[in-house]
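Student: Take these sequences, add in the hints, and give me the full structure.
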Amino acid sequence: MRKLAWLLLIVALLAWPFAVGEFYVNLVSQIFIAAIFAASLNLLVGYAGLPSLGHASFLGMAAYFSALLTLRLGFDHTLAAPLALAGTVVMAALFGLIALRATGLGFLMLTLALSQVLWGTAYRWVALTEGDNGLRGLTRPHFLGINLDDSTAFYFFALLVMAFSLWMIARLVASPFGAALAGTREQARRMSALGHNVWLIRWITFIYAGFWGGVSGLLFVYYHKYIHPASLSLTSSAEAMLSVIAGGSGTLAGPVVGAAIIVLLKNYVSAYVERWNMLLGFVFVAIVVFMPDGLVPGIKRLWARWGQR
Amino acid sequence: MTFDRRRFIQATAVTAGAGALGMPAIGNAQEQPIRIGLMTVKTGPLASGGLDMERALVMYLRERNNMLAGRKVELFVADSGGVPAQARSKTQELVERDKINVMIGPLAAGEALATDDYIRQQQLPTLSVAAAEDMTQRNPNPWFVRGTSTSSQCAHPLADYCIKQLKYKRMAVIADDIPYGHEMCAGFQRVFEEQGGKIVQKMFSPLTVPDYGTFLAQLKTNIDGVFLGFAGSNGFRYVRQFNEYGLRGKVAIVGGMTALDEAVLRNMKIEALGIITTCWYSAKLDNPLNKKFAAAFQAEAKYDPGFYAAATYVEAAVLENALKAVKGNITDKAAFMKALRASKTDTVRGPVSFDSYGNIVGNVYIRKVEREEGRLVNTVIQTYPNVSQFWTYKPEEFLKNPVYSRDWPPAKNLES
Amino acid sequence: MQFWVIQTLNSLALGGLLFLLAAGFSLIFGLMRIANLTHGAFYMLGAYIGVSILKVIPNLWLAALLGGLAVALLGGLFERFILRKLAGNELGQVLVTLGLAYIIADLCLVVWGGDPIPLPTPEALESPIEVGGFMFPAYRLVVVAVALATGIALYLLMERTRLGAMIRAGVDDMQMARAVGIPVSRLFTIVFCLGSALAGAGGILGGPIMSAYPGLDADMLPLALIVVILGGVGSLIGAFVGSFIIGFVYTFGIALFPQLAYVILFLPMIVVIAFRPRGLFGRATA
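Chains as they are written, first to last, in my numbering: chain U, 392 to 700; chain V, 432 to 847; chain S, 55 to 340.
Hints were generated in silico from the structure; no laboratory data involved. Hints may contain errors.
The list that follows gives simulated cross-link-like pairs (lysine to any residue, SDA-like), each with its CA atoms no further than 25 Å apart [to be verified]: (1) V:Lys681 / S:Leu314; (2) V:Lys715 / V:Val792; (3) U:Lys691 / U:Gly574; (4) U:Lys616 / V:Pro833; (5) V:Lys651 / S:Ala309; (6) V:Lys755 / V:Pro573; (7) V:Lys633 / S:Lys109; (8) S:Lys109 / V:Glu731; (9) V:Lys700 / V:Gly656.
Tutor: Okay, structure coming up:
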């Protein structure tokens, strides 16, 4: 049963670009990008119990690094991409040093403040970032001789990257390190007493989450071929946070489902429902009221109850 | 209050069906309706202008029974929320799903720049509202025309007016700290200083500033006037707080094209009276087309049309004119684009044409806020005819300079 | 000299505005441990409701009272029927409070339109008064006074009334409070109503300065968070001091370092939390 469902999903994802028009291909590519972004944040929110409201820093940072390296310094993507990710990881390490001085709401505010500083810098440092005009004229890489400007090629590229990212995130969660991480969320003091370095575990997770956030940022900037400070904004961070919670934090599938809902509402339903912003609000409220843990755990529970009958 | 897409298409089908009875037969190749996309903003802080853009465009099409140049048109409206990345996704939606032939919009500079390369790639004829200078200057997009103005296009004549008519010699500028604000101020400063004036103070406030008190307290009072380069609700709040601080009467205000738009004027009182602003439009423009439009808009919306309403109404007129020139055949995009750029159209803002970079050449009006029939209006006090984005400069020489910014032209007369 | 006097007054005025914004947020967080992310939307909703009330009753103070009550009613319903079920589910609270904020923001756009609408300044306070050769808006000084009065009233409420004693007991130790028979659930509703009322009334009292416009909610929410975090969550004095610190930092920061305008509020906050994670006046109880 389970295997059949997986098989169907894989077939559907592979067949999708050949079954529908370009618009729908691009729509799902955007879901892939948002899903990686949300899944990386889920490492913090769901598994580490650290609610970050500044995760857009890493998406935006990697995107800006890549844009500046290719646009200003003329670097090739094969060089720009690893450099951008390296830069993002360094930033994540630094941000982690500051943000992890607190937990809970203090952590939330520190991540928010750090990301706002980045946002403000991107807005204000016009000479480097073009400010509110954003950086345009960017390109997509040619990956193994495949031109990613083609929307189907990009779809499969994004699908591949997403699958790999989710697998890597799942591996971390399932590893002994992941078990220790779960321990720091539930019983930070006991973990300390047992000789674990709670701070270090959190810091490594923060950097790891930053790295995958950066990966989604690279895909984001490849997809749009444009980057604007809005991608670093509180709204952008909040959307990822909402994706994680709505889908179900601390589950592997949750962020993917949550990201899909938000992308679909923003970019698809909004063509039919004029007040889509309000609808988004109602969807959030409805999810919390009926499935307080998010959609994925909620549906699992329904499924289990149905199965018992 | 506004049309959603499905309702609008239904309405289109009904009216077009009724209209077709009286229309001459149309060639087979052209039976498909022309599909117009409107990229606007209907949610979030920029929604006010965006909703006016939609209302005016729908009015224009309705007045013509949804027929342009003898062909039925369908309108597809997309809401970007004012977010550049979303504007791009929404443009893809309009092109790839709705198969539009031509796009009107988007509204904001970042949105236009975010869609720039996609418009090139898709060869999508676009009539934009956004003011970002370089879209029609150093890096012009062949599929892009602008029926509104660049950021500085209306600021140049205002500076000239300040020197020649108002005899101002020393001024300050304050604007939103975004390229739109920088560009407006730079254009104003360049003309003002080249004609012997001095900009003695420059201030740029963050876009989301809750309160202008700290900026108002810094404003020099030994100057002739201050130029405001604000967008959205910021000009409105600045002017109100300016009044609060008792500065009214001590320092004169002159404003850029979105500082005191009709849209904010209707919620203002005495604090706005007498302020001089510049724009390519005023609801009080005395030409037959505008009298009809302004009255019809006022009847429907219960307020005067402003910048954004006029923008799409003008774009639609230009579009219709170009469509007539190619006899409704929009599928030959290159020929249509050529006709668009060569078009000369009488519009509600006066006669307009395009320069070789795709930017509009048209009148710029110096306006003064006055009270009329119990409401505030922008009365036109002087017309600068046929103003181009290059003002009186030669395009080649203008383009040799860097794009207008916070630091160019350099401010040499600042006093601390 | 004049610069320092005027900017000091500006700082105080901004601090007063911020306290009216942040007091309710702090109150709710202190007792209920809920970061009410609807707070900015409540503030904006208050301002818009004020616009409508002032058309009928042209008295700002009365409008603030009525508008505060209206928002309190909404807040009470929200707490009673939705938030109540999410006790302890912090992430659920984030989602639902942000969800409601989305709904309110879009609703305001539909009802009141997208253009900024001013709330008229009371006539008696319309003309500025002279301070050391410079004109300063009289209304802003009144805002400082109102903020002070609100602060004192809240202090008295907390320290001198039975209700306040119960709230303090709840803040200190929820389990204990329940055990000694304090009706914690009713207390929660009351506190949430009070916090919402403060947000709504704050929006109206700030209205003559800020006006009501779409995006007011998003402009204000981070400010409320900053003030409360800086001052220390759940501490009334912290919120009060935090408001004025931010007022000063922002006003002087922008005047002295204009190039840092976009980040000026966040840099000091990062420094403070990094060294005092609980804020300046935060208590050690988690």
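Student: Decide if the proposed pair is consistent with the structure: Lys681 (chain V) and Leu314 (chain S), CA atoms, cutoff 25 Å inclusive.
Tutor: It is violated: about 29 Å lies between the C-alpha atoms, which goes past 25 Å.
Student: With the threshold set at 25 Å, check whether the alpha-carbon distance from Lys691 (chain U) to Gly574 (chain U) stays at or below it.
Tutor: Holds, at about 24 Å.
Student: Check the hint pairing Lys715 (chain V) with Val792 (chain V) against an upper bound of 25 Å on the C-alpha distance.
Tutor: 20 Å, holds
Student: Against the 25 Å threshold, does the CA-CA distance of Lys755 (chain V) and Pro573 (chain V) hold or violate the hint?
Tutor: 21 Å, holds
Student: Within a Cα-Cα threshold of 25 Å, do Lys109 (chain S) and Glu731 (chain V) meet the stated pairing?
Tutor: 23 Å, holds
Student: Is the hinted pair Lys651 (chain V) and Ala309 (chain S) satisfied, with a Cα-Cα distance of at most 25 Å?
Tutor: With Cα atoms ~13 Å apart, Lys651 (chain V) and Ala309 (chain S) stay inside 25 Å; holds.
Student: For a C-alpha distance cap of 25 Å, please report whether Lys633 (chain V) and Lys109 (chain S) respect it.
Tutor: Given pair Lys633 (chain V), Lys109 (chain S) is violated - Cα atoms ~39 Å apart, limit 25 Å.
Student: For the pair supplied as a hint, Lys616 (chain U) and Pro833 (chain V), confirm whether the alpha-carbon distance does not exceed 25 Å.
Tutor: 24 Å, holds
Student: Between Lys700 (chain V) and Gly656 (chain V), does the CA-CA distance stay at or below 25 Å?
Tutor: 20 Å, holds
Hint compliance for this structure: hints 1, 7 are not met, and every other hint is.
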